[in-house]
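As you go down the protein sequences, you meet chains A and B in turn.
Just so we're aligned, residue 1 is where the first sequence starts under my numbering, counting upward by one.
Just so we're aligned, residue 1 is where the second sequence starts under my numbering, counting upward by one.
Everything labelled a hint here was simulated from the structure, so no lab data went into it.
Some clues are possibly wrong.
When chains are identical, the list treats them as one kind, so a pair holds in a single copy or across two.
[As the list claims (entries may be wrong)] Straight-line C-alpha distance at most 35 Å; calculated DSBU-like pairs for lysine-lysine: (1) LYS151 - LYS96; (2) LYS254 - LYS359; (3) LYS181 - LYS290; (4) LYS254 - LYS343; (5) LYS308 - LYS392; (6) LYS96 - LYS219; (7) LYS393 - LYS219; (8) LYS259 - LYS151; (9) LYS254 - LYS174; (10) LYS308 - LYS259; (11) LYS96 - LYS254; (12) LYS15 - LYS283.
Protein chains: 2
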Amino acid sequence: MTVLALCDHPALLDKSETHSLFSSDAIARARHIVNNIPGGTGAYSHSQGIRACREEIAAGIEARDGYSANANDLYLLDGATPGVHMIMQLLLGSEKDGILCPIPQYPLYSASIAVHGGTMVPYYLDEANGWALEVTELRRQLKLARAEGIKVRALVVINPGNPTGQVLSEENQKDIIRFCKDEHLLLLADEVYQENVFAENKKFFSFKKVSRSMGYGEKDLSLVSFHSISKGYCGECGKRGGYMEVTGLDNDAKEQLYKIASVNLCSNISGQILMSLVMNPPKSGEESYKSFQQERDSILASLGRRAKRFAEALNKLEGVSCNEAEGALHLFPRLHLPERALKAASAIDMPADTFYVRKLLDATGIVMVPGSGFGQAPGTWHIRSTVLPPEKKLPDIISRLSTFHQRFMDEFRK
Amino acid sequence: MTVLALCDHPALLDKSETHSLFSSDAIARARHIVNNIPGGTGAYSHSQGIRACREEIAAGIEARDGYSANANDLYLLDGATPGVHMIMQLLLGSEKDGILCPIPQYPLYSASIAVHGGTMVPYYLDEANGWALEVTELRRQLKLARAEGIKVRALVVINPGNPTGQVLSEENQKDIIRFCKDEHLLLLADEVYQENVFAENKKFFSFKKVSRSMGYGEKDLSLVSFHSISKGYCGECGKRGGYMEVTGLDNDAKEQLYKIASVNLCSNISGQILMSLVMNPPKSGEESYKSFQQERDSILASLGRRAKRFAEALNKLEGVSCNEAEGALHLFPRLHLPERALKAASAIDMPADTFYVRKLLDATGIVMVPGSGFGQAPGTWHIRSTVLPPEKKLPDIISRLSTFHQRFMDEFRK
Numbered sequence: 001m002t003v004l005a006l007c008d009h010p011a012l013l014d015k016s017e018t019h020s021l022f023s024s025d026a027i028a029r030a031r032h033i034v035n036n037i038p039g040g041t042g043a044y045s046h047s048q049g050i051r052a053c054r055e056e057i058a059a060g061i062e063a064r065d066g067y068s069a070n071a072n073d074l075y076l077l078d079g080a081t082p083g084v085h086m087i088m089q090l091l092l093g094s095e096k097d098g099i100l101c102p103i104p105q106y107p108l109y110s111a112s113i114a115v116h117g118g119t120m121v122p123y124y125l126d127e128a129n130g131w132a133l134e135v136t137e138l139r140r141q142l143k144l145a146r147a148e149g150i151k152v153r154a155l156v157v158i159n160p161g162n163p164t165g166q167v168l169s170e171e172n173q174k175d176i177i178r179f180c181k182d183e184h185l186l187l188l189a190d191e192v193y194q195e196n197v198f199a200e201n202k203k204f205f206s207f208k209k210v211s212r213s214m215g216y217g218e219k220d221l222s223l224v225s226f227h228s229i230s231k232g233y234c235g236e237c238g239k240r241g242g243y244m245e246v247t248g249l250d251n252d253a254k255e256q257l258y259k260i261a262s263v264n265l266c267s268n269i270s271g272q273i274l275m276s277l278v279m280n281p282p283k284s285g286e287e288s289y290k291s292f293q294q295e296r297d298s299i300l301a302s303l304g305r306r307a308k309r310f311a312e313a314l315n316k317l318e319g320v321s322c323n324e325a326e327g328a329l330h331l332f333p334r335l336h337l338p339e340r341a342l343k344a345a346s347a348i349d350m351p352a353d354t355f356y357v358r359k360l361l362d363a364t365g366i367v368m369v370p371g372s373g374f375g376q377a378p379g380t381w382h383i384r385s386t387v388l389p390p391e392k393k394l395p396d397i398i399s400r401l402s403t404f405h406q407r408f409m410d411e412f413r414k
Numbered sequence: 001m002t003v004l005a006l007c008d009h010p011a012l013l014d015k016s017e018t019h020s021l022f023s024s025d026a027i028a029r030a031r032h033i034v035n036n037i038p039g040g041t042g043a044y045s046h047s048q049g050i051r052a053c054r055e056e057i058a059a060g061i062e063a064r065d066g067y068s069a070n071a072n073d074l075y076l077l078d079g080a081t082p083g084v085h086m087i088m089q090l091l092l093g094s095e096k097d098g099i100l101c102p103i104p105q106y107p108l109y110s111a112s113i114a115v116h117g118g119t120m121v122p123y124y125l126d127e128a129n130g131w132a133l134e135v136t137e138l139r140r141q142l143k144l145a146r147a148e149g150i151k152v153r154a155l156v157v158i159n160p161g162n163p164t165g166q167v168l169s170e171e172n173q174k175d176i177i178r179f180c181k182d183e184h185l186l187l188l189a190d191e192v193y194q195e196n197v198f199a200e201n202k203k204f205f206s207f208k209k210v211s212r213s214m215g216y217g218e219k220d221l222s223l224v225s226f227h228s229i230s231k232g233y234c235g236e237c238g239k240r241g242g243y244m245e246v247t248g249l250d251n252d253a254k255e256q257l258y259k260i261a262s263v264n265l266c267s268n269i270s271g272q273i274l275m276s277l278v279m280n281p282p283k284s285g286e287e288s289y290k291s292f293q294q295e296r297d298s299i300l301a302s303l304g305r306r307a308k309r310f311a312e313a314l315n316k317l318e319g320v321s322c323n324e325a326e327g328a329l330h331l332f333p334r335l336h337l338p339e340r341a342l343k344a345a346s347a348i349d350m351p352a353d354t355f356y357v358r359k360l361l362d363a364t365g366i367v368m369v370p371g372s373g374f375g376q377a378p379g380t381w382h383i384r385s386t387v388l389p390p391e392k393k394l395p396d397i398i399s400r401l402s403t404f405h406q407r408f409m410d411e412f413r414k
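Given the sequences, and given the hints that come with them, work out the whole structure.
Structure below.
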C-alpha cells in the first residue's frame, strides 16, 4: 500500500521528506511502475492490464511453478470475480451448456452460471473423507449430465477449497488433469487461497505446474487459473485486484475473450499494481524484506492457529462434526440437529441451517452463513464460518457459540 | 489522488513531514474517510459502497440538482460500465425484452444487451439537426418494436451524447421524460459527460432534476442515472470509479438489483473514494480550492477549444461534414466518400469507414474509430475522433489528417 500511495502521488518521489517516510525498495518499485505507465494510475490500461504488471506476475508464476508463464496469457481483473463471469460468458450459450461445479462451493459459480444461462452440473465432495474430490464422482456426474443432453464445457475446482478448506494432493490433481484432458473439459482452477495452507503435510501446487510436470503442454490441457489479492496474507479485498492465466485455448476463443475484456475497458490500476506486488513480494536484501517476512509469517501462522482451534471447539459441540481446514479461510461443520428443530424450521418454511444461524445471530450477534447457500448433500445441514476473527477474541466467540449451541440443543431435544 | 495516497497509507496522517507535502484540506478529507472505514481501503465495503462515500455523493447530487438524493439509492461501481451490465441483467430475460438505444451510440449498450440476451431497439439521432433526439422517432421505433412482439423495457439516453456530442435542451428532456412515463419505460440516463459542456448556450441538466422540476416523483418515473470519474475534468478512468442512482424502482426490482450487486462483493475502494471527491470538490476557503478551480477551468476550457478547432478543421475537408460538439469528448464527422472508394472497400469486404481509418492509420499513425462500431444511418459513413490530443499537438494532427484526406480523395476521385 505504501508503493501504491507513491504511484498515486508520484510527485512524492522527488521530495526529500519521502525518504524518511518510505523504504528504499518501496520507492524503487514505485519509480519502476510509474516509469512504465506514462499516463499515471489514472489512465486506462490495455484491456488485459498494464504490460509491466503482467510481466511481473508472469515472473512470479514462473518462480512459483518452475515453468514458463507468458504475460500475453494474463488478464488482470477487479478481483477474481469478473474473470469467472468472463469465462462463463465465453462458455455458456444456452441451458444445454453445463459446468461441473463442486458441492459445497463458493456460490459465485452457481450465480455466474445462472446469470449466463447455463446449467450447473454438481459433483459432491466427500465429507466423510475430508471433503475429498473423487474422480469417480466426476465421471458419474459427467455421464449423468451427458445422458440428459448437456454439453459439459468445463470443470471448476477450488483448491484450497472454499468453503471446505481441503488442499488437494498432487496425485489427486494429476487424476483431475487426466480427466479434463480425456473428456475435453476446460479446467477452471480457483487458486485464490494458494498462500493459505495450514496443514503441515499439505502443500499448494498450481494445476499449471502439475500439468506441466506431467509433460502436458497447451495442446493437452485448456486451463484457466484464478488468483487475487483478496486472500493470502495481504487480504486487500477492497482493492479489487486479481488475474486469470489462460492457457491452451484455441485462437477463436482467445479472440472472443479479449473482446469480452475490451467491453469493460480495463480493471482498476491500483488493483493491477497490488497484484503485481503480491506475485513479487520484497526479496532478501531489500529494506522491507525482513518486516514483510515477519508480518506475512505471523499473519499466516495466526490464521492457521485460529482454524485449528476453532475446528477443535466445533468438534466438541453436541451433534457437530467438522473436518480440519487444511487451507483457505473457512470451516464448514456439519450440524446433526434434533428432529424437533428440523420440524420447527420446516413449519416456518425455512431451511434448518438458516433457522439455526438466525437464532445464533439473535442470541449472540455472531454471524455464520447457512450451508444451503453453498450447496450440501441432500438431508445434511452445515454452517460456514470464516477463521478471520482476531485471535484474542476467539475464546469469547467460542464460549458464546458453545453456550448458545447447548441451549439450542436442549430446547429442541424433545 | 493526494487524498487517496493518504487513505492508502494512513500512517502518513500522523507524521509531521506530511504537512509540508499535502494541503490541509486533503489531510482533513483523508482523515474523515479513514475514520469512516475502520477496515481501511483494503477491506470489502457494503456491496453498494461505503456509506460515508455514498452520503457525500448524495450531498453532491443535491447540491447539483436542488432536489434530495438518498445514499440508499446509490450503487458505487468500478466505472459506469458494470452498472449498465447490472441493469441489463435485471431487465433482460429473453430476446423478447428490448431496450431503446440511440444510433449512433457508445457500443457498451449494444454489447451489454447482446451479452444478456435481449434485443436492441434502435432509434436514430437526427444528424441534419445537430444529432437531435426526436420523440417522434422514439414513438415510431417503439411502435415498430411492439408490433414485432418485443416488450420494450427501457430507453437509453446519453447526454451529453457519445459519440455525437449533442447536449439536450431542458424542453427536449421534458418530452423524453413524459414519453417514458406514458410508455412505462425505465429511463437509463448516461450522464457521465455532465461536466463536459462546451457550447455557451447549453447547460447540463440531470434527468432527475428535470423530472423533479416537472413535479414527477418516484411513482411517476423509474430512472437510473450513471456517472463516473473517467470523464469531466479529472479523467481518472484507470481508477474505475462510478455510481448509479436508482430511483422509482419497485421493491422486487430493488431487491434483485442488490442481489446482483452482492455477487460481485463491492467495487474498488479507491474508485469509491475518488467518486465521492469528484461529487464534492474542494470548497471556497479550503487550501486547495484556488489551485483546484484553476486546474479544472483550464482543463475544461482547453477541451472546449480543442473540440471547436478540430470540428472547424474537419468541416474544411472535402466531403466531410461535422456537427459542433456541444459537449462530451468526441466528434463524429460524416464522410461523403467517392464511389470508387466505396467499391474498393466493398471489394475487400470491409465497411468503407473502416477502409478509410485503416488507410489513415497506415499513412499517419493517427487512430480514429470507424462509425460502423457505433451504428449509423444505413448508407452513411462516419468516423469518431476524441478531442483529447494535447492542444499543442493539434495543429500537427490536423495538418497530417488534412494532407492524408486530400490524397485519399484524389486517389479515389475517378
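Which numbered hints are broken by the structure, listed smallest first? 3 and 7
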